Amino acid sequence: MSFGVRLPVSRRMQAAVQGLVTGLLLLLCSPGWGYPDAVPAGEYLDRGVEGCLMCHGQGSQWPAHDILNTVHGVRGDGRTPFAEGQRACEACHGPSADHVMGRREDGGRPATAIGFTAAEPASLKDRPCLDCHQADTGHHWQGSAHQFDEVACTDCHQLHTPQDRVMVRLSQAEVCSDCHRRTRSEFLRPSTHPVRSGNMVCTDCHAPHGSMTPGELLRGTLNESCYECHAEYRGPFLWEHAPVAEDCSSCHEPHGSSHRNLLSRRSPWMCQECHLAQFHPSTVESGLGVPPQGASRQVLGRDCLNCHTQVHGSNHPSGAGLIR
Amino acid sequence: MKRWLLAGGVALAGVAYGDSVVEAEVELGVGYLDESSFRYGKYTGLVDDGLEVIANFNFTSRPVWDSGATRYWRLGGERLGFDSRRLEAEAGEQGRMRLRLNFQETPRNLFEDGQTPFLGAGSQRLILPAGWEAAAASTAAMTTLDENLLDFSQRQRRRDASLDYRQHFAAGWRFDASMRRQIRDGRSEMAGTIGTNGGNSRAALLPAPVDYETDTFDVSLVREGSGHLLGIAWHGSFFRNSDRELSWQNPFGPQPQWQPGAAFPDGFGQLALLPDNDFQQVRVFGQMALTPTTRASLDLARGRMRQDQRFLPYSVDADLAPTPLPRADLNGKVDTTLAHLRLNSRPLPRLNLTGRVRYEDRDNKTPQDVFLPVSGDAGLQVAPENGRINRPYGLTRSEIGFDGAYRLPQRTRLNFGYEHRLRKRDFSEVNTAREDVFRAGVRTQRFQAVSLGLDASHERRNTSRYVGNRPLLATRVPGSVDPEAFENHPNLRRYYLADRDRDRVQLRADVHPADNWHLGAAFAWSRDDYREDLFGLDESRLRSWMLDAGYVPTDKVRLSAFYHHDRYASSQRARSFTAAPPTVNDPDRDWSVDTRDTHETWGLSLDLEGLDAGFATRDGSARSLDVRLDYTDSRSRGQIGVEAGPALAAADLPNLSTRFQVVSLSATQRISEAARIRFAFEHERYRSRDFALDGVGPASVAQVLLFGEASPRYRANWVTLSYLHRF
Chain A
1 MSFGVRLPVS
11 RRMQAAVQGL
21 VTGLLLLLCS
31 PGWGYPDAVP
41 AGEYLDRGVE
51 GCLMCHGQGS
61 QWPAHDILNT
71 VHGVRGDGRT
81 PFAEGQRACE
91 ACHGPSADHV
101 MGRREDGGRP
111 ATAIGFTAAE
121 PASLKDRPCL
131 DCHQADTGHH
141 WQGSAHQFDE
151 VACTDCHQLH
161 TPQDRVMVRL
171 SQAEVCSDCH
181 RRTRSEFLRP
191 STHPVRSGNM
201 VCTDCHAPHG
211 SMTPGELLRG
221 TLNESCYECH
231 AEYRGPFLWE
241 HAPVAEDCSS
251 CHEPHGSSHR
261 NLLSRRSPWM
271 CQECHLAQFH
281 PSTVESGLGV
291 PPQGASRQVL
301 GRDCLNCHTQ
311 VHGSNHPSGA
321 GLIR
Chain B
1 MKRWLLAGGV
11 ALAGVAYGDS
21 VVEAEVELGV
31 GYLDESSFRY
41 GKYTGLVDDG
51 LEVIANFNFT
61 SRPVWDSGAT
71 RYWRLGGERL
81 GFDSRRLEAE
91 AGEQGRMRLR
101 LNFQETPRNL
111 FEDGQTPFLG
121 AGSQRLILPA
131 GWEAAAASTA
141 AMTTLDENLL
151 DFSQRQRRRD
161 ASLDYRQHFA
171 AGWRFDASMR
181 RQIRDGRSEM
191 AGTIGTNGGN
201 SRAALLPAPV
211 DYETDTFDVS
221 LVREGSGHLL
231 GIAWHGSFFR
241 NSDRELSWQN
251 PFGPQPQWQP
261 GAAFPDGFGQ
271 LALLPDNDFQ
281 QVRVFGQMAL
291 TPTTRASLDL
301 ARGRMRQDQR
311 FLPYSVDADL
321 APTPLPRADL
331 NGKVDTTLAH
341 LRLNSRPLPR
351 LNLTGRVRYE
361 DRDNKTPQDV
371 FLPVSGDAGL
381 QVAPENGRIN
391 RPYGLTRSEI
401 GFDGAYRLPQ
411 RTRLNFGYEH
421 RLRKRDFSEV
431 NTAREDVFRA
441 GVRTQRFQAV
451 SLGLDASHER
461 RNTSRYVGNR
471 PLLATRVPGS
481 VDPEAFENHP
491 NLRRYYLADR
501 DRDRVQLRAD
511 VHPADNWHLG
521 AAFAWSRDDY
531 REDLFGLDES
541 RLRSWMLDAG
551 YVPTDKVRLS
561 AFYHHDRYAS
571 SQRARSFTAA
581 PPTVNDPDRD
591 WSVDTRDTHE
601 TWGLSLDLEG
611 LDAGFATRDG
621 SARSLDVRLD
631 YTDSRSRGQI
641 GVEAGPALAA
651 ADLPNLSTRF
661 QVVSLSATQR
671 ISEAARIRFA
681 FEHERYRSRD
691 FALDGVGPAS
701 VAQVLLFGEA
711 SPRYRANWVT
721 LSYLHRF
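The listed protein sequences derive, respectively, from chains A and B. Counting with our numbering, you get residues 1 to 324 for the letters of the first sequence. Counting with our numbering, you get residues 1 to 727 for the letters of the second sequence.
By construction, these hints were calculated from the structure, which means they are not laboratory data. Being a predicted model, the structure only gives us computed values, none of them experimental. Among these hints, one or two may not hold up.
These stretches of chain B come out as covered by chain A in the derived footprint (C-beta under 8 angstroms, 3 or more residues) [claimed, not checked]: (1) 32-38; (2) 129-140; (3) 374-388; (4) 504-514; (5) 552-566.
These stretches of chain B come out as covered by chain A in the derived footprint (C-beta under 8 angstroms, 3 or more residues) [said to hold, decoys possible]: (6) 257-268; (7) 597-610.
Note that CB positions come from ideal geometry on N, CA and C, so glycine has one too.
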């Protein structure tokens, strides 16, 4: 493997870059000046969940009792916040003595150490989650697109409800489209994967907690991810179509397109962007090939695929032209 | 399979014991579709007008929170009356193990108004009806075509069953195993071509069989320790196609260049269907905290794809290919290697840095041979010197890059990043491509109630020398073609291999004028500029606008709206040429195409939740009503403008268009603590215009027998009334 980065700069500039890189490495290896987003100091009450439910029980103004109807409320599981020896609500919300005992000047109660509010940094809100879920989220969370963009766990997940919407297949896409709004519109185009009908969900392809693939896909590469459901196109074929073997997105738009089979652009012109051989591949295809002016076999029906049907590759000994 | 899954689910249900809360919700009802529509039920299977059963259920047993119990189970079913039904079962002991079973059916209905004269649709051998009158020159001269056309619908069904098991062990060990079987059957379309070259070839769209089965397995073992995580995993995917080949009787009469027997009635064509293949991969991965603020993660994966399906003969007509195949099967082998290292650090409380290195290799070890093809089951086998050599494409991708984010005071954040990519390809016009990507952005919430974001990136791709005829020379017997010979025009630059500048800008603004108001606007622009002023894709652009608004007047009422406008534009240039050298260099034969795809989508949504109906139920609880109303309108328009030089003739094409409108209303009335009645109505309307389909019948193109289906359009009203009960 060789990256061979050639810097078109002077020696002084190269020295500066080297200095910068060395400085960055030193920074990375340093223990850090101050722990990022440390939980605010305070006193734990350790009164158990009952103390909190006095104000946050069923029918209260700020109900939180439903947490006990979720996986986090199972006391028998020693890993949960409500297990013996754990700190119940304070396990996530941090030291809350001030919240219970104190009063602000306006008469209200001070917030818990971690209030999971919009004003708090994501890294602070994520800390109690990651303390337990480092393995569940996968080892790619740190540095993933969502983590780097400061999307907090609680921006997607709801904990105080028996049904977390992002974990329910029929409502997951709605949660994702709260931020990925352009993708929501793409799924309304004529050619899409069956997400709108609920047969597919975002996590069938994407790993929201990060992965090693650009686009945070489930498998190691884009093509491997597509082969999860389209293994028939994996090959290898005797006669391969180079961009197909390399990258499905060379021709396809995964979220939606106005062209058939999620193609990025209209064929035959998309095919002609790469195939400009003598005779018919280089012929200008225009309105003269459409009724009533004409009937071009390169435009009507399946255009190029009227003959070159094996566009994903052919395993026929006479199939070099991808027609067999 | 469904029976097996259900039995498994019920057996699992028995696992749970006391100290549990059992909850159940059952929805039963009836739905009515007013008009049959193949496309309305594209993925749901709701195709025929009339009544359908609504049946959903969900049973759960979970431990009482303070009982000390940890066992649970769940059994669920959705859309049981439809062809898109889904069943789920899960049981386990929280913190120790879990077992999940899933089953899902997904139909895929593409069109139902196709027509074909072939008998045996969906089988591996298609023949023409008795009395078929072939024609050599044109499909229009097939005098018995109309009377022999049979309806053909392209419909597929995917059944997907999976089983996942997870076991936690002491000391942070975790074992996961999953298996998944996907079965896909139905009919697809293929094209069968018979002929020796583009001039005399004749084709027909064929109703082809789909009978696929894919088994996928994943097994992993992970250990999570204090500050580190280590794992090893195996992935296997095995695809099987029950159909190896597709043969069809040639519906066309003889051409002078064809060998005797290639035309109707004796002539048959044969093509290879997608071959069986396997993929297996072993992966080791881990994560480690190097310092309290720095984490490293590493993935290493090594895999192999294999394909050794027995070859079909060169031609279905053995007399045309006296020379045998060089091998019985491909013995295709591709070794894949993946390495990914990421370092994430917060060296300063306000600074977040991520560095990554990625290496990806597709080492194609498929053997090469000289094949002596028969053109379209109609010509003689080519001489050995004109044989074709297969090209086992290989590819290596390396990437190194970093991203940084620095929090400034006043809730402002700066983003910056750089990435260098290197791609090396075998048998390609370009051996090496280098890309440099620069990214920068700023986000701020310093103004009360306003947040702003701006991101921009510049990407530059430089490639090694473009040798247009390298693939041609690689596929021919050495010495059999002139080293200067070419297939594609020498001035063509394929877009995925060409030098390119890519610029992107994104803007986002969110305003909260009041606690219960939200207004948002976003703009995105990107441009791919292929720097060399040659043939191929010249430029492509995206311009996207988006507006959205939300209003929550009370905690029971939510109103939202959005508008989204996307415009993709691209320009390409080319030259129409023939074998004669003058046309290769004749600028009067240049042509260009400008395409513009515009998408416009807008929608409104109103949620009314827990509305008080003004009186109590028999059990004293409030009789509340939930209502949701949605409207979505999505339009697309495709414009294709063609310009041609003086030696050519061209005209613009009619616009392509689609319009998709959906109105949906659902109302759920709570009639007691346990019972609800739900009413839902959906109106869907779809219209499209496509010059390649509309007004184009099976015999509209002289040399190709088409299906003749129209571009889809439908209008459907779907009403449901159901009763939900919670136990």
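Comparing the hints with the structure gives:
Counting residues of the stretch 32-38 of chain B whose CB falls under 8 angstroms from any CB of chain A gives 0; the rule of at least 3 is not met. Counting residues of the stretch 129-140 of chain B whose beta carbon lies closer than 8 angstroms to any beta carbon of chain A gives 0, which falls short of the minimum of three for the stated coverage. Restraint check on the stretch 374-388 of chain B versus chain A: 5 residues with Cβ-Cβ distances below 8 angstroms, three needed, restraint holds. With a cut-off of 8 angstroms between beta carbons, the stretch 504-514 of chain B has 0 residues touching chain A; three or more are needed, and the interface restraint is violated.
Under the rule that three or more residues need a Cβ within less than 8 angstroms of chain A, the assignment of the stretch 552-566 of chain B holds, with 3 such residues. Here the stretch 257-268 of chain B counts 0 residues with a CB under 8 angstroms from a CB of chain A, which misses the bar of 3, and the coverage is violated. A stretch counts as covered by a chain when three or more of its residues have a beta carbon under 8 angstroms from one of that chain; for the stretch 597-610 of chain B and chain A the count is 3, and the coverage holds.
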